[in-house]
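Peer 1: Now for the letters of each chain:
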Amino acid sequence: MLDLPQVPAALKREWLELETRRHFLGRGSKALGWAGLATILGRSAPHLLASTAALPDQRPHFAPKAKRCIYLFMAGAPSQFETWDYKPKLAAMFDKDLPESVRGGQVLTGMTASQARLPVAPSFYKFAQMGKAGHWVSELFPHTGKVADDLCVIKSLHTEAINHEPAILSMTTGNMFPGKPSLGAWLAYGLGAINEELPTFVVMTSKMPVRTNVQALSNRLWSSGFLPPEYAAVSLRAGNEPVLYLQDPKGVNRDVRRAMIDGVNDLNRQLFERVGDPEINTRIAQYEMAFRMQTSVPDLTDFSDEPASTWELYGEKAKEPGTYAYNCLMARRLAERGVRFTQVFLRTWDQHTVLPERIKVMAGESDQPTAGLLTDLKRRGMLDDTLVIWGGEFGRTVYSQGTLRPDNYGRDHHPRCFSMWMAGAGTKPGISYGETDDFSYNIVKDPVHIRDFHATVLHQFGIDHNRLSVKFQGLDAKLTGVLPSRVIPELLA
Amino acid sequence: MPRRVVIILSSVFPLAAVLAAGAPVPARIEFNRDVRPILSDNCFYCHGPDASHRKAKLRLDVREVALAKEAIVPGKPADSELVIRFHSNDPEEVMPPPDSNKKLTARDKAVLERWIAQGAGYQLHWAYEPPAKPAIPADANAIDSLVARRLAEVGLKSSPEADRRTLIRRVTSDLTGLLPTPEEVDAFEKDRAPDAYARVVDRLLASPHYGERMAIGWLDVVRFADTIGYHSDNPRNVWPYRDWVIRSFNENKRFDRFTLEQIAGDLLPDANRETRIGSAFNRLLLTTEEGGAQPKDYEARMLADRVRAIGAGWLGQTTGCAQCHDHKFDPFTTRDFYALGAFFADVKEPVIGRREEGMVIAPPEQEEKLAALDREVAAKRAAVAALTPEFDAAEAEWVSAATAQPPTGLPRAVAAALKKDPDTRTARDQQVLRNHFRTKVATIGREELAALTAAEQERKTFADSLPHCLVTEAAPKKRAVRILPRGNFLDDTGEVVTAALPGYLPRPDFGGREPNRLDLARWLVSRENPLTARVVANRLWQQFFGGGLSRVAGDFGAQGEPPRNGALLDWLAGEFMDRGWDVKHLVRTIVLSATYRQTSVATPEQLAADPENREFGRQGRHRVEAELVRDRALQVAGLLSPRVGGPSVKPYQPDRYWENLNFPPRDYEMDRGEAQYRRGLYVWWQRTFLHPAMLAFDAPSREECAAERSRANIPQQALVLLNDPSYVEAARVFAARIVHEGGATADAQLHWAGKQALQRTPSASETKTVSALLEEHRRIYRADPAAAKALLATGDAPLPAGLATDGLAELAAWTHVARVLFNLHEFVTRD
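First to last, the protein sequences are chains P and Y.
Just so you know, we're using the working numbering here: the first sequence kicks off at 1 and counts up by one.
Just so you know, we're using the working numbering here: the second sequence kicks off at 1001 and counts up by one.
Just to be clear, a hint being listed does not mean it is correct.
Simulated pairs of lysine-lysine, BS3-like, Cα-Cα distance not exceeding 27 Å [stated by the list, open to error]:
1) P:K96 x P:K126
2) Y:K1755 x Y:K1190
3) P:K126 x P:K360
4) Y:K1650 x P:K250
5) Y:K1789 x P:K250
6) Y:K1348 x Y:K1460
7) Y:K1768 x Y:K1755
8) P:K207 x Y:K1069
9) P:K132 x P:K146
In case anyone wonders, no lab produced these hints; they're calculated from the structure.
This is chain P alone, in the form it adopts within the complex (with noise of 0.2 Å):
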């Protein structure tokens, strides 16, 4: 293996001073890994050069509690009837007319724009106090239930976006209009990497349980946005080929692979002597980054090394890849190896029709292997560095699209009022917070925005979500955006 130019001790602290004063147009970095190199020596979005104010010092702005998040993204949005926001009085009030006084002036969707009547359906599923908490845990998630005690569930989430593109990108990069950086992105920036051989921010889409009503998926979800193209997030899929171009073509070895990089690293470096452009240096450095992931992402997808109980915890199905149970197990790997950032995404929660049957099937698919991660990275003591989100984009409404039978409804979307919880990293376990209607329709007590969320989500990485921003199309532009936001206390603990 080529040794990289060795940067003296005293460089290095130069470096430092200086990317604590903010200076040197924002090529600080500690962590020299995936993200954190280029942006050392080399140069990538430009408008960011013109401003030398506007670059991060990639260290927090105060302690932070968690070092990792995972997020467990439940696209299509999830009835929070039938999994979070228990509504008892419901049941007395099936197929009665949702009064007009709830209502108010919510617009409704094309979907049920002309429906004639707003009929109430109450849950199918029944619900029970689960954990020393008490927490109300629908029969839909028994394996979730017995973690209760670790769930910081949040019932009063809102959003303005009403259809699913808008809306997964409202919560996704905190604006429902393409082009903004996301939450991994931000946090890439924002902190640098903690590992050197591996993403910060990783994504993985996983396998649908059913073929219908499934939502697109976009690199938009995942891109860095106007930040620099490093901070994007690297998909990593299922099969023999986790990484795009990971693979050597066919006849090369690992030996041949060495030796030919090493040519051009050699090669490099004379170059590197005749001109002195430190953009060089920094395209050797990428080859041995990608050199060091050839080998470790093999590594990384390979479960020989899992124990017995990794199976007992996150289901069989956890070892065919792609599924959502594999892609859980995988984040813990990946949390495991200093990925800062990973974004597994479940699709086809959209039921718009045929929700009691077809709801039973996505929370079968999710409930395990959530369960079994929270339970995993907990006996791991990684639960208290490491935040663990689970939910969708917005909510759905009490009164039934479509069909009306007690076994068979089905409900638009809402984005007045939804459910997600959090769990670690200095989250409040075991509370509930905010509160919604008897027809979970509006929100009566203690709202939490999608920008709160975002704005404590940051905060939980030491992260004040005011002062992570870079000036882009000339505005200060942060996570949380122009309008007011806050850190919620209440969810901390």
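Fit chain Y to the given chain P structure using the hints.
Peer 2: Chain Y only, in chain P's frame:
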């Protein structure tokens, strides 16, 4: 460890730090250069153009208001509230307020104080002043003398000219996106005539590949892509527009005409097929086919998208924020935003749903056939029309007979019409009877009707097989445009606005008439518009130096960056307009300058004093655009198709890369044959899943207009160059050329390969490294013929015929040499 790294870095970092924070306060303060950035950054948010957010009715962007409120007392900093406040220790008093996260540096404060002491003179924002073309001594090169003037001011020197090989490699890449051939390099190295370089430039400007190269930047600006962008991200027909852009640059279409055709190609007095293709510009925005989408939501998005495009492409103004509120830093208001959007309210299009197929674009060789089919249809139609008297007579006869005695089995409507008294039959009844008679009863004209149907069918079948392009068509009735309060599309209370030009810029009087898109386009490229020529000249400069004169190419507003060398930008803008918006003239002027021809190797002093090369005392060095990385490898391999234009192509792409696309789910079907080897700018542009090799090298998704690209240096780039089959295949095909054309010995072959890939012969020490690599791989592959065979099977291109086992090993070994060359920093760099 090369010593030089340490020397350079340790000298660069502290100096840069000093420059950034501690630049001395100029003796004579200039508002635009020194003061405006400070006020804009720290004060305008609450005391600037946005009325709704303004605090204490104070605005600091307008001198009269600032003086009236005594925030500024000219000549008396100590009496100025502004100064008193920023010195205050009281958290209630101090400005900017602590919770604003803004802070003035000591230098900022000194600048403001000195400015007030000197009388607090304001200037119009630099970009809103008309460009003032500086006078240049008769025999001087304007660019060089203006750069020299600025370098002298900051105590820097220009650099010597680059060597001949670097120069031709640079200019060939900048003007055509390709590498010069070894023959071209040799010829230029030998040609010592004074005009040798100018002749190279003229040859390149005349190349059909010039238009391809120039198109790349423009396609970013207008967010050209093959798919709609939102939700399903389905395809749409727009590639003929891409070819139109290439043609426009090749024909050196004047930039003002280029503008007119795009924004109003359908409204021009001499509108024709070509100008209509240009008008596809108005259709390049993001659209949706999502079932539950709200039309009002997308109508608002589409309006905003178009306003942003005009802002980014021509005005260099960030306008997006004015969708919800007046601009915080620039005088662009919400009214300006919606009034600009109203220019496009006549564009005929569905708000939600599938786009139409678009206008048929027959290639020249098919045009005659299409015209012939049109004539055929017309002739058949005439033949049918000629039978009208005969039809009419027979029809009258039948109607009267059928009225008297109705036949059985008639359709209900026909029977009902017949039942009526002939005098009371409505026009509709008569039409029903006529249709029935002609299609079901009449025996005359059968042949003529069948011939017409056949001709129409033939024409349709043929037209359907031709390319189509979305174009702009004006609807007779414009959509009503309302100001949306806070951008809320559900709020109908806003005022209705008609099309109008932004109020803060000089604009013509339309005498009460509502201006249309053509008026907008004409205004954009009018002399009175201070922005367009500057914006375009700055982008061109960026293409030829790796950075613009104003580094923020997309924002010429208060939050952008005033050019350090404003005189040069003004000269370029003035020259551009004086010469009739002649793009090639401006390009030629830039690349012929000594400034352009400088070496890009920085001295330690230059790196220390001007690390970002803002003063252009040397050339830039940068990794080439994603498209050109691909072009280089294919070109050196000899695989690159020289064909210009055509439908977008699908090169090799990793399996399942599109698996998250839906509505419908779709498979990626890669192209075979020549289409596999086309230039990067023809690669299928899927907005939500852009080809990963393009994405790795910073090709933008083109969801938004982009005036500049990032230039990252990330490990994915290494993985692409190492493992993407396109590059492995190119390497093995190049290897076959090296073996067959490179000469008799390994050294000769290596030199030949160096000339092809890097346009130079490798140094002795490089040769040593590569020879050792070659030897090692020969050994490996001789021992493992199966591995050699597997490697050489990458990609569709055929292997040279009749290779023996030894030949396979040799080729495999050279493939790795070729891969090394393709992976070099130098290979992907333009310097």
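Peer 1: The structure should be examined with respect to each hint, and the outcome stated for every one.
Peer 2: Results of checking the hints against the structure:
1. Distance check on the hinted pair: P:K96 and P:K126 sit about 20 Å apart at the alpha-carbon level, within 27 Å; holds.
2. Pair hint Y:K1755 plus Y:K1190 holds up; C-alpha atoms about 16 Å apart against a cutoff of 27 Å.
3. A threshold of 27 Å between alpha carbons decides the hint, and for P:K126 with P:K360 the separation of about 12 Å falls inside it, so the pair holds.
4. Straight-line distance between C-alpha atoms of Y:K1650 and P:K250 comes to about 22 Å, which keeps the hinted pair within the 27 Å bound.
5. For a cut-off of 27 Å, the pair hint linking Y:K1789 to P:K250 stands: about 9 Å separates their Cα positions.
6. Between Y:K1348 and Y:K1460 the alpha-carbon distance is near 23 Å, which keeps this suggested pair within the 27 Å criterion.
7. Only pairs whose Cα atoms come within 27 Å are accepted, and Y:K1768 paired with Y:K1755 is accepted, the gap being roughly 16 Å.
8. At roughly 64 Å between alpha-carbon atoms, P:K207 and Y:K1069 are farther apart than 27 Å, so this suggested pair is violated.
9. Distance check on the hinted pair: P:K132 and P:K146 sit about 10 Å apart at the alpha-carbon level, within 27 Å; holds.
The structure fails hint 8 only (numbered hints given earlier).
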